[in-house]
Amino acid sequence: MKIDIKHIAKLSRLSLTQKEEEKFTPQMETILESASVLQEVDTSKVQPMKARIPFDNLREDTPKKSLEQDDVLKNAPHSEDGHIKVYGEIFGGIEES
Amino acid sequence: MMSEKQISTNLESKYDLIVGLEIHVQTNTSSKMFCSCPTGYFQEEPNTHVCPVCLGLPGALPVPNKRAIELCILMGLALNCDIDKEIHFDRKHYFYPDLPKGYQISQYKRPICSDGYVETTSGVKIDIERIHQEEDVAKSTHHVENSTGKQYSLIDYNKSGVPLIEIVTRPCIRTAKDAKDFATEIRKIARYLGISDADMEKGQMRCEPNISLQEKGKWEYRDGQILPVGDYKLNPKVEVKNIGSITAVEKSIQYEVERLTKELEEGKEIEQQTRGWNADKNITEYQRTKETADDYRYMPEPDIPVVEISDEDVDRISEELVEIPVERMKRYIGELELSEYAAEVISSSRESSEYFESLYKRLRQDLNEKDSALEASNWLMGPVFAMGNLDIEINDLALLILAFKEGDITKNKAEELLNQSVKEDKNLAEELERVIQQKEELTNNLDDIVKEVIQKNTKAVEDYKGGKQATLGFLVGQVMQATKGAADPNEVRDILIKELK
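Note that the protein sequences, when read in sequence, are chains Z and C.
Residue numbering for the first sequence follows the numbering used here, starting at 1 and increasing by one per position.
Residue numbering for the second sequence follows the numbering used here, starting at 98 and increasing by one per position.
The set of hints was computed from the structure by calculation and includes no laboratory data.
A hint or two may mislead.
[As the list claims (entries may be wrong)] When the alpha-carbon atoms are kept at most 20 Å apart in a straight line, the in silico EDC-like pairs for lysine to aspartate or glutamate are as follows:
(1) C:K222 <-> C:E441
(2) C:K548 <-> C:E530
(3) Z:K50 <-> C:E141
(4) C:K198 <-> Z:D71
(5) Z:K50 <-> C:E226
(6) Z:K19 <-> Z:D4
(7) Z:K2 <-> C:D391
(8) C:K236 <-> C:E141
(9) C:K163 <-> Z:E80
(10) Z:K64 <-> C:E141
(11) Z:K50 <-> C:E398
(12) C:K548 <-> C:D591
(13) Z:K74 <-> C:E142
(14) Z:K10 <-> C:D391
(15) Z:K50 <-> C:D181
[As the list claims (entries may be wrong)] Just so you have them, the derived chain Z footprint on chain C, three or more residues with Cβ under 8 Å:
(16) 133 to 140
(17) 185 to 194
[Said to hold, decoys possible] Some chain C residues close to chain Z (C-beta under 7 Å, calculated; not the full set):
(18) P143
(19) C148
(20) K163
(21) I202
(22) E405
(23) D408
Ideal Cβ placement from N, Cα and C applies to all residues, glycine included.
Isolated chain Z (complex conformation) (with noise of 0.2 Å):
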């Protein structure tokens, strides 16, 4: 099975040396043949398998007391005026959503 490791690392806006990129490729493409045994099974036959639940058993519209903004904090490596900073030119003022 063949890997875009460029294409890949983009996805997850990582920059990868040369070096990287030749060591990764083939490690990833080991991890993805020893799962494709999975695909080999046949499940044409077999039902999916999740939980399900009755609309009715879904959670009640009610707020409740969010975390102290100081323990918000705590986790993140740079803070600033209460948010939390990220450093990166990657982010070029594009919202997702």
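Starting from the known structure of chain Z, arrange chain C on it as the hints suggest.
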């Protein structure tokens, strides 16, 4: 010879505009989509409405909000969609700091609502492909550090996980105005049904048009898709983001039509891309090449079970439906003979249309159908809207309108009374009664007052009798002053002329 103008029109007409619209609407819930953090983040301290779930901390599990899904279904019902019997959530992966889990919980192959339609106020039918449920991302702002020159982003996760529905149309929109009308209609419906405040400036509603130009006669719209005719290769589409108002929906599409026409005329290859609307410059700007669906590596969300929706659930939700604004507008035109303009303005908000209908119903007790509708719409769109106040007692306002219709009070006086009683917080009905009583007393005394004015102004009377017609105006003024403006100037004039013969 053709003028320059004609040439450019001909160039434009070589292509058809194809637009599909994606509209995101934050739905009006108290708690977030998959956790119980409060939603109202506007002007709140950053990162105070967050918990392990909406921060994407390891091991935290999402639990869907029932009300959010009800609102998604409600929008689906209003837009004549089919409602799925099962809800399946999927993970949409991309790596970005506003998305802490590394994926957004969304819906891919099975949206809750599909295959609907809605009509715009100008009668254009817009096909809805789907409405699905997802979650909003965090808010990030981008800066440069003074000391180091490094770029960085500041992230506030309060918005992360707020319920969001995405409404997707088929590529069936053919003009920029239809796109604007559709967005307007969605906003109205969202507000009518209490689904969302849909304030675009606050980001509660976001519109993203997908735009392409195709050569005339080289494409067809079949099964909700644009298909090439023969060996024609379809031009790729451009997605425009960052649109902050309904007018910008129209303007950005118009801009893209011009830009794409020029590119095509110059023989350039058009790249599928995302562009951002710049509201200061009224242009779109290149942002990036668009990621494809494959890049999002969609997969079923394993942390949320399949949710089963019964017919009873849908029936219960549909009890919240009301006649949608465009239907209401059509009824006002068809049954009540309102002008298209009046019908559109009055039906544009649920509050004003409900006020109108109550006022109409009350006037119907005393007036015929046509007059009731006309007076109700005139008074609502005139003085009531001007005061921006829908708290005026319907019955009091009706009495005022009826007094005017009976000729007991002039329109100016009636409006003045309405303004005054609202401004000074007085009871309109009592004020009206007082004024009418005053006027009756005055009418009885008017002859005497006129005689008195004639006696006091001998000079003016002589001038008038000597042929100076203009003096009559002065005398009318004197009488009006003596009655403190309560008399009808035309009536005063008639009495004066009679007396001075």
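Taking the hints in turn, this is what the structure says about them:
A hinted pair counts as satisfied when its Cα atoms are at most 20 Å apart, and C:K222 with C:E441 qualifies at roughly 17 Å. At most 20 Å may separate the alpha-carbon atoms for a hinted pair to count; C:K548 and C:E530 exceed this at roughly 28 Å. Annotation: proposed proximity of Z:K50 to C:E141 is violated, straight-line Cα distance about 39 Å (limit 20 Å). With a C-alpha separation of about 18 Å, the suggested pairing of C:K198 with Z:D71 holds against the 20 Å cut-off.
With a C-alpha separation of about 27 Å, the suggested pairing of Z:K50 with C:E226 is violated against the 20 Å cut-off. For a cut-off of 20 Å, the pair hint linking Z:K19 to Z:D4 stands: about 15 Å separates their Cα positions. With a C-alpha separation of about 16 Å, the suggested pairing of Z:K2 with C:D391 holds against the 20 Å cut-off. At most 20 Å may separate the alpha-carbon atoms for a hinted pair to count; C:K236 and C:E141 meet this at roughly 12 Å.
With a CA separation close to 35 Å, the supplied pair C:K163 and Z:E80 exceeds the 20 Å bound. Simply put, Z:K64 and C:E141 have alpha-carbon atoms about 16 Å apart, close enough for the 20 Å limit, and the pair holds. For the given pair, Z:K50 sits about 10 Å from C:E398 by alpha-carbon distance, which is consistent with the 20 Å threshold. For the hint pairing C:K548 with C:D591, the CA-to-CA distance comes to about 13 Å; that is within 20 Å, so the pair holds.
With a CA separation close to 16 Å, the supplied pair Z:K74 and C:E142 stays within the 20 Å bound. With a C-alpha separation of about 14 Å, the suggested pairing of Z:K10 with C:D391 holds against the 20 Å cut-off. A threshold of 20 Å between alpha carbons decides the hint, and for Z:K50 with C:D181 the separation of about 17 Å falls inside it, so the pair holds. Requiring three or more residues with a Cβ within less than 8 Å of a Cβ of chain Z, the coverage given for the stretch 133 to 140 of chain C holds, as 4 such residues are present.
Remark: the stretch 185 to 194 of chain C is confirmed as covered by chain Z, as 5 of its residues place a Cβ nearer than 8 Å to a Cβ of that chain, reaching the required three. Hint status for C:P143: holds, given a least beta-carbon distance of 4 Å to chain Z, under 7 Å. The interface hint given for C:C148 holds, since its Cβ lies 5 Å from the closest Cβ of chain Z, which is under the 7 Å cut-off. Satisfaction of the interface hint for C:K163 is found here, the shortest Cβ-Cβ separation to chain Z being roughly 4 Å, below the 7 Å cut-off.
Interface hint status for C:I202: violated, as the beta-carbon distance to the closest one in chain Z is roughly 12 Å, over 7 Å. About 5 Å separates the beta-carbon of C:E405 from the nearest beta-carbon of chain Z, less than 7 Å, and the hint is met. Restraint check, C:D408 versus chain Z: the minimum CB separation of about 11 Å is more than 7 Å; hint violated.
Hint violations for this structure: numbers 2, 3, 5, 9, 21, 23, all remaining hints satisfied.
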